[in-house]
Amino acid sequence: MAKAIPSFFIIWGKISIVKKSILILSAFLGSFTLSCAQENTPKIETPENPNYDYVTVVDGIDIPWGMAFISPEDFLVTEKSGTLYRVRNGQKTAVSGLPEAYVRGQGGLLDVALHPDFANNNKIYFTISMTLEGDEGGNTALYIATLQELSLSDVALLYKAEPNTKKGQHWGSRIVFDDNNHLYFSVGDRGNRDVNPQDLTRDGGKIYRLNLDGSIPDDNPFVALDGAKTAVYSYGHRNPQGIAIHPQTGAIWETEHGPKGGDEINIVRAGKNYGWPKITYGINYSGTTITDDKALPGMEQPFYYWIPSIGPSGTAFSSSDIYDGWKGNLFVGSLAFEYLERLVIENDQVVKREKILPGIGRLRNVKEGPDGYLYVGVEGKGILKIIPKK
Amino acid sequence: MRIFLLVYGLLFSSMTLYFIQQKTLQQSLEDGEAIYQDFCVQCHMSEGQGVPNAFPPLAKSDFLKNNLEQSLKGVKYGMRGPIKVNGKSYDGVMVAQGLDDEEVADVMNYVLSNWGNKLEAQITTAQIAKLSK
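Going down the list, the protein sequences come from chains A and B. So the first sequence is residues 1 to 390, counted in this note's numbering. So the second sequence is residues 1001 to 1133, counted in this note's numbering.
It should be emphasised that the hints constitute simulated quantities derived from the structure, not laboratory data. Since we're looking at a predicted model, the values are computed, not measured. Each residue gets a CB set at the ideal place from its N, CA and C atoms; glycine is no exception. Any given hint could be a false lead.
Simulated coverage check for chain A against chain B, where a stretch passes if three residues somewhere in it have a Cβ under 8 Å from a Cβ of chain B [said to hold, decoys possible]:
1) 96 to 109
2) 160 to 173
3) 283 to 294
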């Protein structure tokens, strides 16, 4: 090796400038091609001796989409095909009074969340694919209702994305709350990427912000914009299926499905454009290009992106001391590779990625329960609780 | 009156023909490809290659060849449980995608006409309509 380096310089000194430029160019192109095809860093690790295990809390749910905890032993689960379950001590019972979902493609009954004052008013919110206008197709709707034991009453529509479409893709959706009585929910681009996400007068490809009664806050970013959908908080999203509030900063962290490659984590801020489909780190499923741009002025860069796509479903922070070294980490479900991804974040950088529950199945959702444990929804299985190994 | 009846008769029979005539295979394949790109490609991938250990391939699939009716029912109503495809075992859930009978026929015509599969006879809407769970 010691000899090889000087001899390289001797040979390098003897070849012509034209050949040099060809060599430099091909070396540059070669490394560029490699960097494009490579998995995004940091490389994911799989612990050899995992320090956790899991137990099944409730089983027999095909697609456990959303989860909302009343207590660790009493929680709600949505099944995408249109059933809301109340699970008490491991027994699931269907809740009545739900509107009939328009179940098509990725649509159906989606997320569920408790009103911040649920303990006093028994109100819940849910997002669901609906046809309400009497035409064909559907779009994502947000409802509020009162939950009494096993039935819903006072079911009221708060928002309905328009127009309806028979497309099967990209309905979103997650529901979260900030500390100032605002509700945020997401709607994907509804399979119309060139029209919806960049147009503020249209629904789809957006994160929305509402008051708890469904009215539109006066300080929403686009209230003064002519013709805009004033419920919009941020735009240029593809299909946001994970949203979590950071336990320390209160910031809104969002994960969204990219195309082939280019799944993203974004920190969502008022009025910002997250770029889809003008910028993306992904390509079409067929391998063709969507855009050559990965960055453009006025558009936000993702906090992190995945190549290849993991299929990010739900997302949650761990804020408890239950798991050794997991406090403050972000957890994201992987539908495509069937595990829970643990992301360690330091100084605004993802510094470590790890597979939790590798091979568990299509992981649809993750939530931190009121007891500080992490609960995951796995397709064909149900809800699992992750427990540290003693 | 005679002319009216003639015109009416012609119109009536051409409309009847229009409605009962089977969709052409070419049209069905075109519509089926659009359905595939919308509802199937995320799991079964663009060349029907599937995802190892997770989603069975549709390309050169012995399962499709030997279990056509079960496959059609699977697309219409969803399917679950262990199956073997091209020598490999899968045990997952495919939920119903909410496709109507015509869309099921179209997408299966497309799948069976591509990637080394063989469409023995065009799948028709009527055929799908007759399938029970």
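Tested hints:
{"no.": "1", "hint": "96 to 109", "verdict": "holds (count 5)"}
{"no.": "2", "hint": "160 to 173", "verdict": "holds (count 3)"}
{"no.": "3", "hint": "283 to 294", "verdict": "holds (count 3)"}
Violated hints are absent here; each numbered hint is respected by the structure.
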